[in-house]
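Engineer: Residue strings, one per chain:
4 protein chains.
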Amino acid sequence: MIGGGDGAYIGNIHRIAARLDGAWQLVAGAFDVNPEKGRAFAGGQGIDEARSYGSYQDLIAAEQDRADRVEAVAICTPNFTHFPIAKALLEAGFDVICEKPLTATLADAVALEALARSSDRFVGVTYTYCGYPMVHEARVRVAAGDIGAVRSVQVEYPLEWMATAIEQSGNAQAAWRTDPAKNGRGGSIGDIGTHAYHLAGFVSGLTLDSLTADLATFVPGRALDDNAHVMMRYQGGARGLLWSSQVALGHSNGVRLRVFGETGSLQWFQEQPNELILSPLAGRVQTIKRGADDLSEDAKARTRTPAGHPEGYLEAFANLYAGFAEAIRAQREGRAPGPLGRNLPTASDGLKGVAFVEAVVDSHEAADQPWLRPVAV
Amino acid sequence: MIGGGDGAYIGNIHRIAARLDGAWQLVAGAFDVNPEKGRAFAGGQGIDEARSYGSYQDLIAAEQDRADRVEAVAICTPNFTHFPIAKALLEAGFDVICEKPLTATLADAVALEALARSSDRFVGVTYTYCGYPMVHEARVRVAAGDIGAVRSVQVEYPLEWMATAIEQSGNAQAAWRTDPAKNGRGGSIGDIGTHAYHLAGFVSGLTLDSLTADLATFVPGRALDDNAHVMMRYQGGARGLLWSSQVALGHSNGVRLRVFGETGSLQWFQEQPNELILSPLAGRVQTIKRGADDLSEDAKARTRTPAGHPEGYLEAFANLYAGFAEAIRAQREGRAPGPLGRNLPTASDGLKGVAFVEAVVDSHEAADQPWLRPVAV
Amino acid sequence: MIGGGDGAYIGNIHRIAARLDGAWQLVAGAFDVNPEKGRAFAGGQGIDEARSYGSYQDLIAAEQDRADRVEAVAICTPNFTHFPIAKALLEAGFDVICEKPLTATLADAVALEALARSSDRFVGVTYTYCGYPMVHEARVRVAAGDIGAVRSVQVEYPLEWMATAIEQSGNAQAAWRTDPAKNGRGGSIGDIGTHAYHLAGFVSGLTLDSLTADLATFVPGRALDDNAHVMMRYQGGARGLLWSSQVALGHSNGVRLRVFGETGSLQWFQEQPNELILSPLAGRVQTIKRGADDLSEDAKARTRTPAGHPEGYLEAFANLYAGFAEAIRAQREGRAPGPLGRNLPTASDGLKGVAFVEAVVDSHEAADQPWLRPVAV
Amino acid sequence: MIGGGDGAYIGNIHRIAARLDGAWQLVAGAFDVNPEKGRAFAGGQGIDEARSYGSYQDLIAAEQDRADRVEAVAICTPNFTHFPIAKALLEAGFDVICEKPLTATLADAVALEALARSSDRFVGVTYTYCGYPMVHEARVRVAAGDIGAVRSVQVEYPLEWMATAIEQSGNAQAAWRTDPAKNGRGGSIGDIGTHAYHLAGFVSGLTLDSLTADLATFVPGRALDDNAHVMMRYQGGARGLLWSSQVALGHSNGVRLRVFGETGSLQWFQEQPNELILSPLAGRVQTIKRGADDLSEDAKARTRTPAGHPEGYLEAFANLYAGFAEAIRAQREGRAPGPLGRNLPTASDGLKGVAFVEAVVDSHEAADQPWLRPVAV
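Protein chains in written order, with this note's numbering: chain Y, 1 to 377; chain V, 1 to 377; chain W, 1 to 377; chain G, 1 to 377.
No lab work stands behind these hints, which were simulated from the structure alone.
Hints should not be assumed to be uniformly reliable.
Stated by the list, open to error - The calculated lysine-lysine pairs, modelled on DSS-like cross-linking and capped at a C-alpha distance of 30 Å, are:
| id | chain 1 | residue 1 | chain 2 | residue 2 |
| --- | --- | --- | --- | --- |
| 1 | V | 289 | W | 289 |
| 2 | G | 182 | G | 87 |
| 3 | G | 289 | Y | 289 |
What the hints assert, rightly or not - Derived DEER-like restraints, expressed as beta-carbon distance ranges:
| id | chain 1 | residue 1 | chain 2 | residue 2 | range |
| --- | --- | --- | --- | --- | --- |
| 4 | V | 282 | Y | 119 | 47 to 55 Å |
| 5 | V | 43 | W | 342 | 45 to 53 Å |
| 6 | G | 343 | Y | 119 | 49 to 57 Å |
| 7 | G | 367 | W | 207 | 53 to 61 Å |
Where is the CB? At the ideal position from N, CA and C, for every residue including glycine.
The task is simple: from the sequences and hints, build the whole structure.
Structural biologist: Given below as structure tokens:
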């Protein structure tokens, strides 16, 4: 693991996710830009101090020649460092698990995706929400035609924790997220809108054609958008509406997806993730529960407990980690992966996400965007 | 009442609403284009057959000279007839209660609003959702600064009943709604999007600056949009996102409004109308219940039962009717109306609604609307 | 109408209910024990002052000889007066609509039910919750075997408004409800538990065999129970659990019914009355919406608007009034009543309710009720 | 670990829970009554085959002399075997983590609790629901007086998976649960009612005084109750109502607790475990979210992610395991445990649970239990 040391939020999530199903063991890392602190942290995690490195370069140098070298490396550092680290790891022959977004700039994303494609290494990107079993269930059902041809997608990702200028009062998580140099050009759209965009495409199976967008920065002094509205047109004529916000009071982590087809709709809400709501054209609104007998193989492979025993965010994250393990193992063994190792977010998805954010910001900044004013308002 | 005879949906709603609080008595009407059927219908309603007229012209001619002439006339006919009927009624000195939209064309709306302004007659427009007490409560709270300056508004009005081409198989309600000559240029945006637009402005107190929109027609053969996405910019910098759909399977009548301010948010959902969700910046998500002791005068005036005894759509409609009665009575008595007679939807709101729909359709049809395509999707 | 004058809560509800569907006209009454106040009140309601009487005796005396005498009389007075008023009305040949409970004592209930049975007059009792269309839908489905033989019933009616000793600080509604002489022996069980008991039997179709109960009075100084727990055994072996409470903070009017059968269950919640939740043995949890096409004739007859347009408490009450009108009219016309006039709560239900309350209080007070203490707690 | 091998449901849950926070490592076990299968299973778990034993006796014999002997042993076998295994482990000086119920008979429970008390070993019992952070939050708030003196408790645990006679068609989980010899005298009340009883006492802080109960067996041929109703009286006058059912169609794992006090109430529902609903006497219904800043130390110690990132059943179970680790470590280090190691379910709770089930069955079977029949039903 690179980054994710003392005080890091997402690093701990990655570790729990890796450990939960017993598919991974954390044996080495460069956890902190301060090597001393990194070593202390490694010790607390029961990791051999000799394998706690001062930098990712040191890690690569030392690990690449070990017989028991690490199998894959998780990158849990701020966005702008993803590219050099991932590049170096791939070139040294390591499989990579990278936090989203893949990179902070489009050029980096294009380059990294090309490198991933040309290498024989695996690059997984942690688009967390496609780790949820009921998201897979939704994807399978759409693909199977259960709701007919998709007409429209409504997706939103509202948050409230950045509703005030906490980046100006010492919140490190907010500070790098609002710094264009570290985060990239997209504020809310890059941080969470990209999750929503991936989720919508993952479930609907649709490919974006074009978009037009409106960004806003509501917190005074903030350098990036904290609220984004995007109208999307998908290839084939379906439409989408996407809203991301970091200032939506009342919403803790309100990822919500609704997909409307010709013969039905599906709705999923991340804060109640064990349910999927199916509304068929003929018939009643139904609740599909995680753990039910009639779920798809894809959903069943990502669940551990019966219906009624809530699984959540950590289990979804663990499903990604278990999936990456299965994909890597299958690759090495020259076999097709099992259901856990399929439909995983990879470098290609990472690139699409970065390109989406670029297009949203470009659309917002376009000089010729026409806004009409009604004659009476 | 003009229109609203046998088989008419909205006419019956108007009658129940007028009767519920005992503020109105239905004594005359031109209920049907077929005078025989109209007369039969009037009889069934206990109305003197002599006052069941064959046309609105007949009604005006006969009623305007009676000592006990009707006090106000409700127009419950298809959109394109609103203008001539309302105009004739106003010119004959009747107060008018008109179904939304005010008219089918912008020119008619402009003319009618001007006429209403220059006359001393009252013109109420039945934007139903601002009849709900908790919508008033939300309006009062926003106006009082309870959520601070408004940053953004999310409003949606999804329906499912036109998800297939029912207008082609004899559904009269769907037939005129999909006929541009009878309905106007806006399909879903004119039928229900205009409700959402009014509701958003009513509660937020915001005035629209400009918009950009994307319409879609998903049901083959349909002549008007059945799904609309609108990005809005309000004066002062607030943003809005509006979605209306007549093909959103799973949604019966899903009007939902969320208003986000600097220090709080409010959420209201029409299918659970007795609750208002308040999320303050500091503190917990709270449920404000209709019937609670600490509600505003505006909300209390529009409620009849204690908390926990659900009131709904008919009570909201009745609140409009009771409000129209109070406004008209106060006008005649030369006094300020009580709370029921304030903040009512009038011709001015009707014009704004029609202008909004025009701008949405114009935006969608604009040749220069730029849509960007990401480099990777 | 007897009682229900100025300041009376339930009287106003009865009037709205009677008026909502246009089935009744209020033309006479003895609204107040103070004739002056009663007359003033009648005037405000648009009632001929000559038909505003000083007592129920006066009303009977004056009305019984009029050609246009009232057709039925609603009794909206405190419990202990129901019996003499209803008795006098029946003996004078009036149809009666009586608030629940039928009477304050079992002896009165037995006598009144016998009188009702031997007369040819109609006696309706306003068990409000069986006015809801989705309650009828539930009843029809259970009767049709949709959930198989019923195994158990969970019913509760929690309220919060009497959580403190408001009867000691001037609340008239609470004062008579906590006075055994005016209310009868059952506190929460008589006021609201009787609603829950009726509802459970109405939907399940089950007949009670026996019960054992535990009452509590939590507010110091209160003379009657404010919390009741009842275990029920129905004939045939089904079981029931009933909870009523006037001190359940957080619950406004939380009537909730769940009926579990061999092949499915049904759940209905009064604060969201437009939905019925069906959980079949095979298949998914489903939401049955009021207004759907596939509802029973009984439910359809009790609804005015499409799905998604909430109807509530007043519409349920209006359904009872419309039903009483239909039942009375059918009786006079010597025909079978239509669906609205069937399955109405009558004197027989009123007697069962009073008998239930008596048995609950008797059970609680029984000297020999064995309570076991575990060896370790 | 004893038991919990191939195909065992709860064994896998214990392993995930132990692993999730990295507090435990599984190094030895007697996983299966068939030693071959046990060994194969151990291999799959990455456990040294030499420490995969054929029986708990073998495990004790081999492990008790190792320098790196296991620190604690988890018992995941059917109920009737808990006692001999736990006894042997305690006598050999191992700490014990035991599935609930503690034992299958009251005599065994009394003996085991005494043994635990007199030994210096730790005995944890996995009453899962007190592992949830919001259950701890509720406990802390009740103890702090936030809802005033507790008046009543409503607790229910409905399940649906045994609604048909699946024990007769090869379902092993159902088979031992319906066999009195393996499960004990209580069916639903022993399997899940005991969870509900523990949860109610844990949060309310109340001590049971006495109870009266009604059991039912709805599935033909079943030897134990599958539905239980219990009325409870707590010391000091508070009341409780408990319902457990294995045949409640529609309920997956519906543990629900409501605690009503003089000045507020708290509600928690296991299928939405990240929320706690607080209804104060003065003020509005509020949602307390896991992850909020103002939660108790006890709740915060049991959470890993911010609000909005659902944690669930496995995290609750992991909290118990992390707590057992902390309690054992603190005991060895002679210090007071941190918040995770406090308020854990131990042998004493296990005994109370078994005694409760005994009393419920005794009450139901008591010859003198009076059930009253109303005079009219």
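Engineer: Going back to the hint list, which numbers does this structure go against?
Structural biologist: 5, 7
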